[in-house]
Amino acid sequence: MPTNEGTSGAHVQLAPAVFVTGKGGVGKTTVAAGLALAAAEADGESVYVEFGDAAGGRRVLRNRPSGLEHITLDPSRAVVKAATPVFGSARLAKLALDNFAMRPLIRAAPAIRELGVLELARQVVAEHPGKRVVFDMPATGHSVAWLKVARQGRELTGKGPVHDVCARIEDELVSPGRASVVVVTLPERLVLFETLALCDTVEKEVGLLVDRLVVNRVPQAPSAAALADAAALSKTPDRVGEAAAKLAELLSVRTTVREQVINALNETVHRHGEGKGVEKGLTLLPMAAKDPTAATVADWLRAAGAA
Amino acid sequence: MSRPRVIVCSGGGGVGKTTTSAALALALAKSGSRALIVSIDPARRLADAMGVELGTKAREISLDAGRGQLFALMPDPHNALRTFIEILFEEEPGSIERLLKNRLYLALEAAVPGIHEIVAMSLTWRAVVDYDIDVVVIDTAPSRNAVDFIGYPKRLAKLLGGRAVGWMAAIGKRTNIASQDDRMGRVEGLLVRALGPVARDVAGLFSEMARVRERFIMLNEHTSELLLHPDTRYFLVASLTAAARDDVDYLFRKLSALELAPRALIINSAFVPKRDWIEALESSDETTTAIREVLAALDEEELTRQRAAERTTGAFSRRYPNVPQVRLPFIEVVEPRSIVHALADHFDIPALLAQ
Numbered sequence: 002m003p004t005n006e007g008t009s010g011a012h013v014q015l016a017p018a019v020f021v022t023g024k025g026g027v028g029k030t031t032v033a034a035g036l037a038l039a040a041a042e043a044d045g046e047s048v049y050v051e052f053g054d055a056a057g058g059r060r061v062l063r064n065r066p067s068g069l070e071h072i073t074l075d076p077s078r079a080v081v082k083a084a085t086p087v088f089g090s091a092r093l094a095k096l097a098l099d100n101f102a103m104r105p106l107i108r109a110a111p112a113i114r115e116l117g118v119l120e121l122a123r124q125v126v127a128e129h130p131g132k133r134v135v136f137d138m139p140a141t142g143h144s145v146a147w148l149k150v151a152r153q154g155r156e157l158t159g160k161g162p163v164h165d166v167c168a169r170i171e172d173e174l175v176s177p178g179r180a181s182v183v184v185v186t187l188p189e190r191l192v193l194f195e196t197l198a199l200c201d202t203v204e205k206e207v208g209l210l211v212d213r214l215v216v217n218r219v220p221q222a223p224s225a226a227a228l229a230d231a232a233a234l235s236k237t238p239d240r241v242g243e244a245a246a247k248l249a250e251l252l253s254v255r256t257t258v259r260e261q262v263i264n265a266l267n268e269t270v271h272r273h274g275e276g277k278g279v280e281k282g283l284t285l286l287p288m289a290a291k292d293p294t295a296a297t298v299a300d301w302l303r304a305a306g307a308a
Numbered sequence: 368m369s370r371p372r373v374i375v376c377s378g379g380g381g382v383g384k385t386t387t388s389a390a391l392a393l394a395l396a397k398s399g400s401r402a403l404i405v406s407i408d409p410a411r412r413l414a415d416a417m418g419v420e421l422g423t424k425a426r427e428i429s430l431d432a433g434r435g436q437l438f439a440l441m442p443d444p445h446n447a448l449r450t451f452i453e454i455l456f457e458e459e460p461g462s463i464e465r466l467l468k469n470r471l472y473l474a475l476e477a478a479v480p481g482i483h484e485i486v487a488m489s490l491t492w493r494a495v496v497d498y499d500i501d502v503v504v505i506d507t508a509p510s511r512n513a514v515d516f517i518g519y520p521k522r523l524a525k526l527l528g529g530r531a532v533g534w535m536a537a538i539g540k541r542t543n544i545a546s547q548d549d550r551m552g553r554v555e556g557l558l559v560r561a562l563g564p565v566a567r568d569v570a571g572l573f574s575e576m577a578r579v580r581e582r583f584i585m586l587n588e589h590t591s592e593l594l595l596h597p598d599t600r601y602f603l604v605a606s607l608t609a610a611a612r613d614d615v616d617y618l619f620r621k622l623s624a625l626e627l628a629p630r631a632l633i634i635n636s637a638f639v640p641k642r643d644w645i646e647a648l649e650s651s652d653e654t655t656t657a658i659r660e661v662l663a664a665l666d667e668e669e670l671t672r673q674r675a676a677e678r679t680t681g682a683f684s685r686r687y688p689n690v691p692q693v694r695l696p697f698i699e700v701v702e703p704r705s706i707v708h709a710l711a712d713h714f715d716i717p718a719l720l721a722q
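Read top to bottom, the protein sequences are chains A and B. With the first sequence counted from 1, adding 1 to any position gets you my numbering. With the second sequence counted from 1, adding 367 to any position gets you my numbering.
Where hints are given, some of them may not hold.
Covered stretches of chain A (in silico footprint by chain B; criterion: 3 or more residues with CB under 8 Å from a CB of chain B, positions within the stretch not fixed) [claimed, not checked]:
#, region
1, 20 to 26
2, 90 to 97
3, 104 to 114
4, 148 to 159
5, 212 to 226
6, 244 to 251
7, 254 to 264
Think of the hints as simulated: they come from the structure by calculation, not from any bench. For each residue, glycine too, the CB sits at the ideal point set by N, CA and C.
With the hints as extra help, turn the sequences into a complete structure.
Here is the structure:
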């Protein structure tokens with residue numbers, strides 16, 4: 002069952018569009034799929050969107066219910082597709098963007114492609130009114146930059162059709178109430194350090210709130226009784242005493258590391274809390290013997306009130 | 368200068384790539400090399416793992432033992448664009464000023480990810496020359512798309528070295544864009560209308576770029592020499608999860624397509640170092656219930672890890688029978704730096720370099 006010691010109060014309601022982000026390897030795909038699954042079970046319908054080759058979604062959503070739609074957005078075709086209304090027709094968009102000069106520019110500057118993908122994401126949400134749409138974002142670093150791209154494009158262009166596309170993305174998709182950000186992280190010092198920076202960027206540069214901070218694979222607190230017993234036994238000057246000292250050392254390392262993690266989490270919540278989403282959105286998921294399925298994660302999220 | 372050995376560590380996120388790369392560099396230094404560890408990871412992991420600070424210059428890391436020397440370089444991704452421009456326009460300070468006023472320039476950082484990589488490789492090249500480095504370990508960005516960075520500089524070079532630059536530079540200056548006579552004239556018209564006023568900034572940026580085309584090509588050659596040289600060794604790092612195995616498969620395919628097939632698979636946290644003391648406590652009758660419960664849990668954990676490790680090593684042995692595997696222990700300590708030191712002793716350097 003989820004460890005609820007970090008969860009304070011009720012979670013804020015998630016917006017219709019949910020961007021699930023976090024470093025690679027933190028279990029982001031499973032959390033995204035778990036959220037989509039929980040929404041499908043609650044509302045009858047939901048959408049899970051991923052970018053690229055659909056490998057992640059297929060792995061975690063093996064027995065997907067019929068109400069859960071799985072959409073894959075292909076970044077390589079996004080620009081021309083998204084730009085078609087700007088240029089008036091697919092033919093003109095192809096003429097303007099698929100030529101000797103623009104092809105290398107688009108290849109060299111992925112932001113152009115990201116803007117295209119974001120426009121397609123806006124369309125997915127617009128085409129599924131009333132449904133929860135969960136986006137499994139690519140691994141951090143790039144993914145938050147991705148959310149900023151509409152605002153940057155809007156500021157950069159000032160006016161004109163590209164400006165209007167950016168403005169529509171910002172108004173309809175990347176704004177509080179329209180979209181929630183769910184940050185997934187691990188209870189490791191180094192990873193948490195980056196999570197802190199990520200939450201900052203989401204709030205200051207993207208202008209969205211982090212509505213959930215999901216900490217995956219949180220180990221159980223080591224038994225305090227065992228630590229005390231081992232410490233007592235380690236005073237015996239024999240082989241068993243030496244062994245007990247080793248056990249005491251291991252348990253105290255685990256206790257310290259866990260405390261560091263909880264402190265770092267509290268720091269994140271404190272810095273971003275103060276009435277904002279994260280304060281209420283801290284969700285700790287347990288360590289499991291093997292990779293949990295989306296269904297298991299959906300159960301955990303529901304039990305924590307975070308679905 | 369003779370070309371240094373280059374080892375690139377790649378892998379999915381969360382597999383402990385930075386720690387592993389740092390440990391490998393440390394092991395190389397201990398075995399007598401003048402080693403340089405470079406982190407392209409946008410996070411500050413190397414700072415935590417080795418106590419290095421961000422900067423454009425490599426710093427020496429003191430070794431507790433061993434004959435060689437270890438240097439570390441961790442360029443700041445937030446300064447990448449500034450450094451890039453400073454390197455490119457070293458001889459043309461006027462351009463730097465003009466660029467700093469260009470609105471588009473400021474947006475470039477988020478738009479063009481290759482810049483951090485290309486700057487990192489250029490700074491690496493400088494460190495190799497300055498410190499007479501004979502082996503470089505490069506820690507890539509923590510993602511499945513990590514190998515894309517190998518392609519970024521080439522993409523930028525294609526853009527900046529090609530016809531596109533002149534065309535883009537002209538785009539805002541053309542007055543008769545309404546002319547439908549030539550096909551590209553019409554395309555320019557379409558783009559200028561779509562972009563609006565920013566088209567002028569696009570033109571300005573590209574005309575500055577056109578001035579330093581040759582310097583850029585030189586930068587790109589440094590990057591290729593380090594990353595695409597046939598002697599450059601790629602090592603993939605994995606942890607024991609299914610996602611990490613998928614990432615290895617994906618990266619293996621991508622690198623093989625570039626004729627840079629990985630030469631070693633490093634499996635992190637693959638086993639728990641032998642703990643004789645568990646047995647000593649289990650056979651003792653002085654222990655309490657609380658202790659016995661913990662011991663049972665530890666046995667269970669170890670068994671789970673062992674099974675996961677067998678799945679991973681087994682899958683790799685079947686798929687990549689000729690690629691050697693390095694199994695690293697699972698180490699529980701409080702200080703990240705002591706993990707690096709503990710892992711360094713598990714690399715068989717002569718065997719790895721023979722690959």
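So, going through the hints one by one against the coordinates:
1. 20 to 26: holds (count 3)
2. 90 to 97: It holds: at least three residues are needed, and the region 90 to 97 of chain A offers 3 whose Cβ sits within less than 8 Å of chain B.
3. 104 to 114: holds (count 8)
4. 148 to 159: holds (count 6)
5. 212 to 226: holds (count 3)
6. 244 to 251: holds (count 5)
7. 254 to 264: holds (count 5)
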